[in-house]
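Undergrad: Now that you have both chains on their own, put them together as the hints suggest.
The chain contents come next:
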Amino acid sequence: MRAILRALSEARWTIFAFAITGFAMTILQSMAYFRMAGHTFAERAAFGYSLSLQAVASEVLFQPPVRPETVAGYVELRALEPLAIVFVVWAMLSATASTSLRTVSRAAAFAISVFIAAAAACVGVLVGVASGGESVGGLGVVEAGVLLVALAIACYAICLIVAQITPAATVVAAGLLLALFFLNSLSRVFAQLATVRWLSPFRYYDLSTPLPPGGHFDVLGFAMLLAIALLGTAVAAVVFTRRGSGAPVLSASAKPRRTTHEPTHVSLLAFPVARDLYPQRIALAAWCIAAAALGVLLVGAARASMQDLLALPRGLPGLPQYIFVFYSQVLGQTWFDVALLMSVAVVFAFVARWVADDRKGRLEAALSAPYSRSAVALERLAALAFTAAAFAALSGLAVAFTSRAMNLALDSTRLLDACLLLVLFSVVLGAAGSLLSSSLPRAAMALFGVLVLAGYLDDQIGGPLGVPRWVQDMSPFRLVGDPLANAVDGRSVVLLLLLTLALAGSSILAMQRRDVGA
Amino acid sequence: MAVAAIRTSSLTKDHGGGRGLFDLDLQVSAHDAFGLLGLEGAGKTTAIRLLMGMIRPTRGSAYVFGLDCVREAVEVKRRVGYMPGETPEFGSLRGSEIVAYLAGLRGGVHKDRVRELAERFDVDLGRRHRDYSQGDRQKLSIVLAFMHDPDLLMLDEPSRDLDETGAAELQALIDEARTAGTTILLASRTAAEIERHCEVVGLLRRGKLSRVMRIEDLPEELEEPSRKALPP
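These protein sequence lines are chains A and B, in that order.
As numbered in this note's numbering, residues 1 to 518 make up the first sequence, in order.
As numbered in this note's numbering, residues 519 to 750 make up the second sequence, in order.
Think of the hints as simulated: they come from the structure by calculation, not from any bench.
Please note that a few of the clues may not be correct.
Think about it this way: if two alpha-carbon atoms lie no more than 20 Å apart in a straight line, the pair counts; the simulated SDA-like pairs of lysine to any residue are [stated by the list, open to error]:
no.	chain 1	residue 1	chain 2	residue 2
1	B	726	B	545
2	B	629	B	642
3	A	360	B	655
4	B	629	A	259
5	A	360	B	679
6	B	629	A	193
7	A	360	A	348
8	B	629	B	675
9	A	360	B	611
10	A	360	B	647
11	B	629	A	261
12	A	360	A	517
13	B	629	B	694
14	A	360	B	651
15	B	629	A	268
16	B	726	B	675
17	A	360	B	610
18	A	360	B	652
19	B	726	B	537
Counterexamples of contact, computed for chain A against chain B with all Cβ distances above 12 Å [stated by the list, open to error]:
no.	residue
20	10
21	13
22	393
In this text, a Cβ means the ideal position worked out from N, Cα and C, and glycines have one as well.
Pulled out of the complex, with its shape left as it was, chain B reads as follows (with noise of 0.2 Å):
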């Protein structure tokens, strides 16, 4: 039996006040693109979270490719590209140098697939990282999401920012790691970010999972805008 992507129970993260992520039951299989939707708050930055182990949970487990993702953290990144919802301050570094920099802790990245991005999403490489504007500093973390061409992509709020060339240029290259066999899991406000790219959602509200169907099935009131039908 092929091992899940990814495979989640009872996952729980109890921020207080009523805020976090709870009692997630949630399975992708590999090769599959899975939407979170969900308004702010809703839990999907924090599922996505406790998936890279960058947060551990109150209780529950996450496992992905088989691997736990807090005792085997390390293994589990080999083999993720992230993207976090909130791109990262790098100051004064260029953005070769951020690139350089994430290549060498993360090893076996090649030069000519960064060359090739940053053409793609034209990013200048040779500006600092504080003059980037914010559709910039977006296209660098799709860029750093990408360049090792990993197993599970983890995309939150990919397309926020971004202008419409590019846009369309990370669907194409969301649509060409798909089809190279990589597995998605992208969150997102919007439906139609979610539509774009996926083939089943997962609805979160309030840090709960209520309902998971295939795309076609999504409600024609939840797909804009989403927050009407999106109570948080």
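Looking at chain A on its own, in the form it has when it is part of the complex (with noise of 0.2 Å):
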């Protein structure tokens, strides 16, 4: 009990930030609603039509919406199913991250803290629906809440298996839950993968939309959550006690091996940007290789859900280009959605990275060296900008050639268009964050993440909530828009490379100013 409370002590900060974003999401997207959704039925019956019409292209992604119609659904679709995301990478990072406590006590408190955040969602959701003069069923609230919770600890459970046997515990992590996950939503298209689905625990948290009118709450498949939970979490407290200790099971020190006084021989460390991606190399081809497997599955399952378009005569006038736009539209809101996303967390990985140079002393080892702190921040940025092209490129060649295999048209320049437009959202968040950990070291990844959802709420639901335009052309999300879909926005342009410029340059001024090591 006391290592629980121990726990929960250490990341009451963590447990704050993520009921604030819970709470936000839910009454945001609630009070959201009632701006754009307008109040007689034919104008709710036309609005939840076109959610439903968007949710055709982003079908591989996510289960259709139930009625999208109605506050609740909206809610569901709009605040429950990203938030559930949100808490899956706070459960990743959690169950992944180095700690001195027991197991089981972790995994009691990561429960404890997941049940706070999402009873902070279900207010957001009862509040937020109330300020718009309608109410929600309350059963229907609580169960969305527990639902959240079921399956935040069923990926917690399958982290911390992964924690005790690779030392590269967060990446391997990360990579098998973005499987786990396309497993489920990739086998609403591809009828094969729906006898293998079973093994996905987002499979069991899309059997229940508990929330909108005429929704349920499937019993036997959140059964199955706890039970991944409560066995995923026995599994890993019993390798734990098994393993060698402060060593994962895979862990390739424990090998005898030969003393030796040489200095190495890799010249990559020598030169600037490599240097600065050579410890995390692994992890970063890892991840532009799971970016262009995933830009092939998409292009697949986009190819799939259009089956009945393609099998039209094509001699039907207009019809090669509705598909040449509909197939711009689908992979806009599938692959490149996907791909931002995937930047998101590079970019995450990147800052915390700098956080942990600061906070581990390696920072102030590289400044011991004739090296100036405008060079380092610089350099940083710089290392981030390649890691984002190579991803780009790699995922965007991959959508290329898959799209010609399997005889889809896409335009080459907005392809492209796309793929430089990634790399300049990586440098715009990689520049935010690059000033928070300059100037708040120890905030740096709360603010961080306060600032990447703040982006994507304003995307989202700025204009409906009455935000100024100002503050809504300052979201890289809106920004970059969707560029497959439409031609990119010359000013959009602009202003994402402004807002790199300035933040870069209030970076390199924060790093001249702060102190290091204090």
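TA: And the structure:
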């Protein structure tokens, strides 16, 4: 019990941050609904229909919405489903973080933490819906909350097992969760995957839609999530007690090896940017390859979801153009959106490393060499830009070649624009992260999370909530737009570049003025 | 007139709550070995970090070989070998990779010198940093501070976590550096460590330099244990 309380005390600011995130997402989305959906039956029906049409294109990622014309259906689609992903990322980071606490205590503390955050999200739903003079079923809200908790603790348990096995726990756990997510979501398009989707915890989450009218709570699916959580934690606890202290099962350091006093011949470490990327090279390469693989899969999924359309006689007037436009929209809402999210993950990893450099004395060690602080900030951003470019290039090439192989016409200029915007998007976010890690290193990760969330919400509901235009234009999510479906807006690109320059310049100034190692 | 290796004037870093370093006026001539003796929180690490340009002074100024420690920090560090009080954590990087990384940032480091230092301290450069013992980490820090044969060594508690062999090797290394004309600034909590390496000592108490004296004038009661004679 003491260990659980200690873990909760250590994580109190994280819990607070995720509780605020949950509350903000649900209350703001609920309030935005009343501004967007209108008040008459016809207005809301039209609004729900437009959401359903959008959902067709992104069917490969999210299940079709249930009653999106109602506030409950809308909140489930736009707030709770993204929140489930946010909580899963939290579970992954928490389970793979190094700590001296025992596995069962950690798992219990995380369950309590995520319960608090989910409760805040539920309160946000109730308050937000009440603000529009309507109400939702209390039981449905509770069920939606416990479902969020169940999914998060199930994923936490899976990552906890990974953390006992491999030293590269965060990367492996992120890859595994990504694979499990797409195993479930792609099974909606590829019938072959339907037989194995029971392996994915996301499948059991999808079985329930407790909030909207007419939705339901799948008790068996919920029980499966709890079973994964309990069984996974038990397995992790057993592995934890049997493995060597301090080292994961697959740790290579246990092997006997001859002592060497020879300096390394890895010349990469002598070059700017390359030396920054070297410690993370395997993880970054894996992430880029995963992005390329997803590019191939999502093109395949898009083709599968367009089967009926492609089966029509090509001679029909306007059909090729319609297929071209529809395919661009589908890819924009699947591949490009997934690539954006994966880019956010890459930037998070970079910012986390910059903060860790500071906390663990690596920045002080680097600055003990004749190496200017401006160079530190610039080299960090250059390393991020290089990674983003490799990520976008591999993923874009995968999409281009797969589209060609599947006889799906795609505008190569727009694809190139999309790839360039992915790079710019990563760099502008990275510059913001660099500014935060230079000026407020201890709070940088939490503040960066808030910033990304604010940018996302600004893009989604900034307009309906009456956010001034200039504030809306600060959101990188809004500025990148949908370059596959629509031509790139030059003004947005200029704004992105200006934001990057302003943030990068500020981060250099902050780096020069700050104390290191104090 | 020869430029002092270290010169500070009213150098102050106020961390608040009476913590920090206050009005440090110090001059260390080139080729001298100067010790800063004081308890935990006395301001030794703060003084060294100010000289290294890691932290900015609240007021006052600091110069190393006539170079401003804030405005010309890069030039200062070209001539300095620094051993921090707390060893950094490099995670999964191997010792040899850490050396290559920091030597790459610095430039002009000879592999033969690195090999010689690693052999003397028996640092296994093939192991990952996370698998190093605290003593091994300290030895690697010594390699990193000495590998470019600097003109000035700033060493913050260099013997901490070293075994007897390591401490003896460090003493020999510092003696060699001194013979080669290197200036030494060494901060420590123990008078014995200062006595081994330095000829002049400054006593730091609660962030203020209370006295500067030759090592032979160090009062006996300060020698061991220093804790008794130096209230925080």
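Undergrad: Look at each hint and say if it fits the structure.
TA: Hints, one by one, checked against the model:
1. For a cut-off of 20 Å, the pair hint linking residue 726 of chain B to residue 545 of chain B stands: about 15 Å separates their Cα positions.
2. Proposed proximity of residue 629 of chain B and residue 642 of chain B is supported: the alpha carbons are some 15 Å apart, at most 20 Å.
3. Distance hint between residue 360 of chain A and residue 655 of chain B is fulfilled; the C-alpha atoms sit about 13 Å from each other, no more than 20 Å.
4. Between the alpha carbons of residue 629 of chain B and residue 259 of chain A the distance comes to roughly 17 Å, so the proposed pair stays at or under 20 Å and holds.
5. Restraint check for residue 360 of chain A and residue 679 of chain B: the C-alpha separation of about 18 Å stays at or below 20 Å, so the hint holds.
6. Restraint check for residue 629 of chain B and residue 193 of chain A: not satisfied, since their Cα atoms lie roughly 55 Å apart, outside the 20 Å limit.
7. Restraint check for residue 360 of chain A and residue 348 of chain A: the C-alpha separation of about 18 Å stays at or below 20 Å, so the hint holds.
8. Taken as a hint, the residue 629 of chain B and residue 675 of chain B pair is broken in the structure, with Cα atoms around 26 Å apart against an allowance of 20 Å.
9. For the hint pairing residue 360 of chain A with residue 611 of chain B, the CA-to-CA distance comes to about 13 Å; that is within 20 Å, so the pair holds.
10. Taken as a hint, the residue 360 of chain A and residue 647 of chain B pair is honoured in the structure, with Cα atoms around 12 Å apart against an allowance of 20 Å.
11. The suggested pairing of residue 629 of chain B with residue 261 of chain A holds, with an alpha-carbon distance near 10 Å, which does not exceed 20 Å.
12. Proposed proximity of residue 360 of chain A and residue 517 of chain A is supported: the alpha carbons are some 9 Å apart, at most 20 Å.
13. Between residue 629 of chain B and residue 694 of chain B the alpha-carbon distance is near 19 Å, which keeps this suggested pair within the 20 Å criterion.
14. This hinted pair checks out: residue 360 of chain A and residue 651 of chain B have alpha carbons roughly 16 Å apart, not beyond 20 Å.
15. At most 20 Å may separate the alpha-carbon atoms for a hinted pair to count; residue 629 of chain B and residue 268 of chain A meet this at roughly 16 Å.
16. In summary, the hint linking residue 726 of chain B to residue 675 of chain B is supported, as the alpha carbons are separated by about 19 Å, within the 20 Å threshold.
17. In summary, the hint linking residue 360 of chain A to residue 610 of chain B is supported, as the alpha carbons are separated by about 13 Å, within the 20 Å threshold.
18. Among the hinted pairs, residue 360 of chain A with residue 652 of chain B is consistent with the structure: their alpha-carbon atoms are about 14 Å apart, no more than 20 Å.
19. Distance check on the hinted pair: residue 726 of chain B and residue 537 of chain B sit about 10 Å apart at the alpha-carbon level, within 20 Å; holds.
20. At roughly 19 Å, the least C-beta separation between residue 10 of chain A and chain B is larger than 12 Å, which holds for a residue marked as non-interface.
21. Annotated as non-interface, residue 13 of chain A keeps its C-beta farther than 12 Å from every C-beta of chain B; the closest such distance is 22 Å.
22. Once the 12 Å rule is applied to beta carbons, residue 393 of chain A is consistent with being away from chain B; the minimum gap is 27 Å.
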